[in-house]
Structure formats: structure tokens, C-alpha cells
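Work out the full structure: start from the sequences and follow the hints.
Note that this note's numbering has the sequence shown beginning at -6, numbered continuously upward.
Treat the hints with care, as some may be off.
Pairwise CB distance ranges, derived in the manner of DEER restraints [as the list claims (entries may be wrong)]:
#, residue 1, residue 2, range
1, Ser107, Asn347, 35 to 41 Å
2, Asn281, Asp51, 46 to 52 Å
3, Leu378, Arg123, 46 to 52 Å
4, Pro143, Val333, 43 to 49 Å
List of simulated lysine to aspartate or glutamate pairs, EDC-like, C-alpha gap at most 20 Å [unchecked claim]:
#, residue 1, residue 2
5, Lys375, Glu132
6, Lys95, Asp187
7, Lys95, Asp59
8, Lys483, Glu389
9, Lys483, Asp472
10, Lys483, Glu205
11, Lys66, Asp187
If you're looking for bench data, these hints aren't it; they were derived computationally from the structure.
Owing to the predicted nature of the structure, the values given are computational and were not obtained by experimental measurement.
Just so you know, even glycine gets a beta-carbon here, dropped at the ideal spot from N, CA and C.
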Amino acid sequence: MSAFFSAGRWIGGIGIGQSSGVVARVAWRWRASRSHKPKQYIALVAFILLSISSLAQDTTTFTAADFFDAVLKFHPIVRQANLFPEQARAEIMEARGAFDPKLGSYYDRKEFGSKLYYDRWQTGLSVPIRAAGVDLKVEYDRAVGQAINPEISTPPTGLMLVGLSVPVGQTLLIDGRRTALRQAQAGVGLAEADQRKQINKALYDAAKAYWEWYLAYRAYALVDEGLNLANVRFTGTRQRALIGEAATIDTTEALITVQDRLVQRQQAEVDLQNARLRLSVFLWGPNNQPIDLPANVIPQQPETTDVGETTVQRLLSQALKDHPELAKIDAKTTQNELEVRFRRALVQPQIALNASLLSQTPDLGRGYDWSSYYAFSPGNHKIGLDLVFPLFLRKERGKLRQVQLKGQQLTLDRQQTTRDIQNDILTARNELLTLQQQIRVQEQTVANQRRLVQAEQQRFTLGESSLFLVNARESKLIDLGVKLEELRTKYQKAIAGLWYAAGTLPVNNR
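Here it is in C-alpha cells:
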């Protein structure tokens, strides 16, 4: 930690409430002293700050990289996002189920008054051939009885059928089954884009929570340090007033400063506790158990990483290629194009050709006789043709127009989304450039104010300044220090925002 005040080192990782005991013990030693010179007063301040700094050695730094790794491994939102591709693959399996072979059987018999009206048994296997869009059928059909329909009557041993069902009309090249499968396959890209989008959003929110925790921690440390100095100064001023070396009103002024900074520290303490709670929302264990941030854990110091124009251009190029939002639109466009192709096919007539070769059921004990008159041959067949064609095609043409309009909407949406992504990246870049300049100016301002505090303390030691001016200079230094940490926090959050706008992980924000 770099020095902040002139009389010692700045607090690195002191815990809440630890510094008060140190101040009380040293103040007691001050009251026990018989000499209260200004030089001894400055030495006392230095001793207190060094003592406080020694208390900070038991803390552990929780780096942003470790925090992001924990979020990626265990956060429920990230785990939920990892299920999206698996769900898409399950939908592919469901779509492939339309091409599963199907075995069916039907049996119906009626007998009354010793009279067999009918005995019907149908058993068959249907095997879809995906590439050709046809169904291969193997069936056994037996229909006997005194009241059986002659059209379906069979020999007592039944008939065997081997045939095809061919859609020679609208669904010859594409049908609902093949369209659904290809759309499900395109849905994997959509699921992966949703996965990346949700993970990126979770990490972006986590990055903001981490750096807000850092700001709250640093603000508390600054205010707490100012309170410690005010306590020491009040104790020394009171002792000097008791022996007549200082005016009594100076004691009141020093006490007001202590009380004012005490209120500030109380508020900073609440802000720090709330920031820790907001950060704990992102901490989970391997068994889906929430984890609270340990009390002795502190954030890392932000790294001063300059984001150059080369990096911005690389992010722009990368975003235009595989940004999650664009990937989602591309996947939806692919699905819609398949739907357009299918809907165009439905405008054609629906013609289905069913053709089968027939054969008498062979005797299992004698084998199949291919020379038999009732064996499989072109002369033993069953053929049928189904034709359906709506005269106005209003339903088909209306649906086709809908999906065509959806395609135009997706095209326009992609154009606007591309522009938005580019603007978001450039906006984040401009914010980073401005924050870089502001941080440099603010660092110079803090350094100048620190020198002003040192000079005022020296003047106060020589009796040429007042306690009011010293307190005012210190208060201004605290305010400027908090503002500097706010700018550093905004810068880190802006880096995370830049990577989020580009649709990638904020790996460089570590």
C-alpha cells in the first residue's frame, strides 16, 4: 500500500473495529506522558499508523481472477447456462424419433352363435428412409370370416406385403420430419449462443459487484484512517489544553472533527457490509451451497491496464463474427429458411403413392417357394394413389407469407443489432479513454493535496497554522482519495462493460 497521509502508511487490510482499540491504548499512553510537544504529537501519529498497519497482515487477498473462476465453476446461473446445449441435443434426439422404425399390430374378431363373422389380424413394420423421404413397409395381413369384406379378404394363412409409401408431390424433397430435424440441429447454435450470453451476463454482473466491493473497502479504509488521525489529534489537543498550551475551543473543534468522521465511518462500514453481501450472492460451493465472504478477505488492488485501439478493433472484429446476439439471429435465420422451404413445398399438390408386392404366407416347415403362383412377383401387387389439393391454397400461401416476413424481420434485426454492438463497444472505449485521463489528473490532484497536508502539518508544528486548517486539508484529502477510488472502480467496470459489449468473457479485467 502506498502512503496516503504524511505521518505513516495507509491501512491495507485492517478489519472493522480493530483500529479503535489501538487508538485508545495509545491515547492512554499520551495522557500518562508529562510532555506534549508538537514533535511528540507527530511521532505519536506515526506510531499509531504503524501499529494499525501491523494488524492488517492477517488478511487474505481475494483476487478478481479467483473470484471469476469460482463464478464460472459453481454459480447456479452459469450451471443453468451449461444445460442449454444439452437441452438442444435432446431436442435433436426427439426430432430423430420421427424416423424411428415402428412396429404395429391390430387384431379384431367377431364370433356369435357358432358363426365366425370375421377374424382380422394386421401386423407390420414401417421403416422411414430419411434421405429419400419414403417409408419401407413389411406387413402380415389375415382377414377371414363369413362376413368379411371381399376387398380385404385373404387366404386362411394370410398374406405378406412388402412395399413403399412414396410422397411424389409436395413432400418428396422435404417434409415436416426432415424440416424439424434440421431446425433442431440449427437450434444447437442457438442454445450455445444463449449459453454464452447468460455466462457473459453473469460474469459482467459479478465484475461490477467485485469492484463495488473494492470501492466500499477502500472508502472505509480512507475514512477509518481519517478518524484515527482525528482521534489522536483530539487526544493531544485536549491534553495540551489541560496544561495551557492550546485553547479550549480547539478541543471542541477537534471533537467535532472526530464526531463527523465517526459518522462517515459508520456509513462507510454499512456500505462495506452491503457490498460484501452483494458479492456473496455470486459465491457458491460445489454442492450448490451458498458461501459467505470470509471476514478477513480483502479485494485486490486494480491493475492499471490500458486498452489500446488495437484491442478495441480486435473486439469489434470478433463481435461481428461470433457475438451471442448475432449468433442467435443467425440460428433463427437458418431455422426460418428451412421453414420457408418447407412451406413452399406445401403449395404443391399432396400426392402419395403406395405400392406393395403380395405373397401367400409360406409354410414354415417347407420354406418359401419362389416358383409358386402366389409368391412375390409383379403380378401379385397392391397399389394406390392419394391426391389432395386445396383449390385456393389460402392456408398454405398465408403461412408461407408469414415465414417470409419473419425472414425479413430477422434480416433487419441483424442489421440493427450489428449497429448496436458496434456503438456499445465504441461507447465503452470512449468511456475508458475519458476515465484514463481522469484517473491521471486525479492522481496528480491527490499527490498535490497530500503535499498540501504535509505542509500544513509542518506549519501547525511550528505554530503557524490552526487545527481547523489541518483538519480541513485532511478532510479534503480523504474526499479526493475516495473520488480517485471511484474513478478506478468505474474504470474496471468499464473494462468489464467493454468485454461484455463485445460478447466475450472479461478475462482481461483480472
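For each hint, the structure was consulted:
Roughly 38 Å separates the CB atoms of Ser107 and Asn347, a value that falls within the hinted 35 to 41 Å. Taking 46 to 52 Å as the suggested C-beta distance range, the pair Asn281 and Asp51 does not conform, at roughly 31 Å. A C-beta distance of roughly 23 Å is found between Leu378 and Arg123, which places it outside the suggested range of 46 to 52 Å. In this structure the hint that Pro143 and Val333 lie 43 to 49 Å apart at CB holds, the actual value being about 48 Å.
Of the supplied pair hints, the one linking Lys375 and Glu132 holds, its CA atoms being roughly 12 Å apart against a limit of 20 Å. Taking the CA atoms of Lys95 and Asp187, the gap is near 35 Å; set against the 20 Å cutoff, the hint is violated. Among the hinted pairs, Lys95 with Asp59 is inconsistent with the structure: their alpha-carbon atoms are about 53 Å apart, more than 20 Å. Taking the CA atoms of Lys483 and Glu389, the gap is about 55 Å. The hint is violated against a cut of 20 Å.
As the CA atoms of Lys483 and Asp472 are separated by approximately 16 Å, the hinted pair is consistent with the 20 Å bound. Using a Cα cut-off of 20 Å, the hinted pair Lys483 and Glu205 holds, with the two alpha carbons roughly 9 Å apart. Between Lys66 and Asp187 the alpha-carbon distance is near 18 Å, which keeps this suggested pair within the 20 Å criterion.
Hints 2, 3, 6, 7, 8, counting from the list given before, are not met by this structure.
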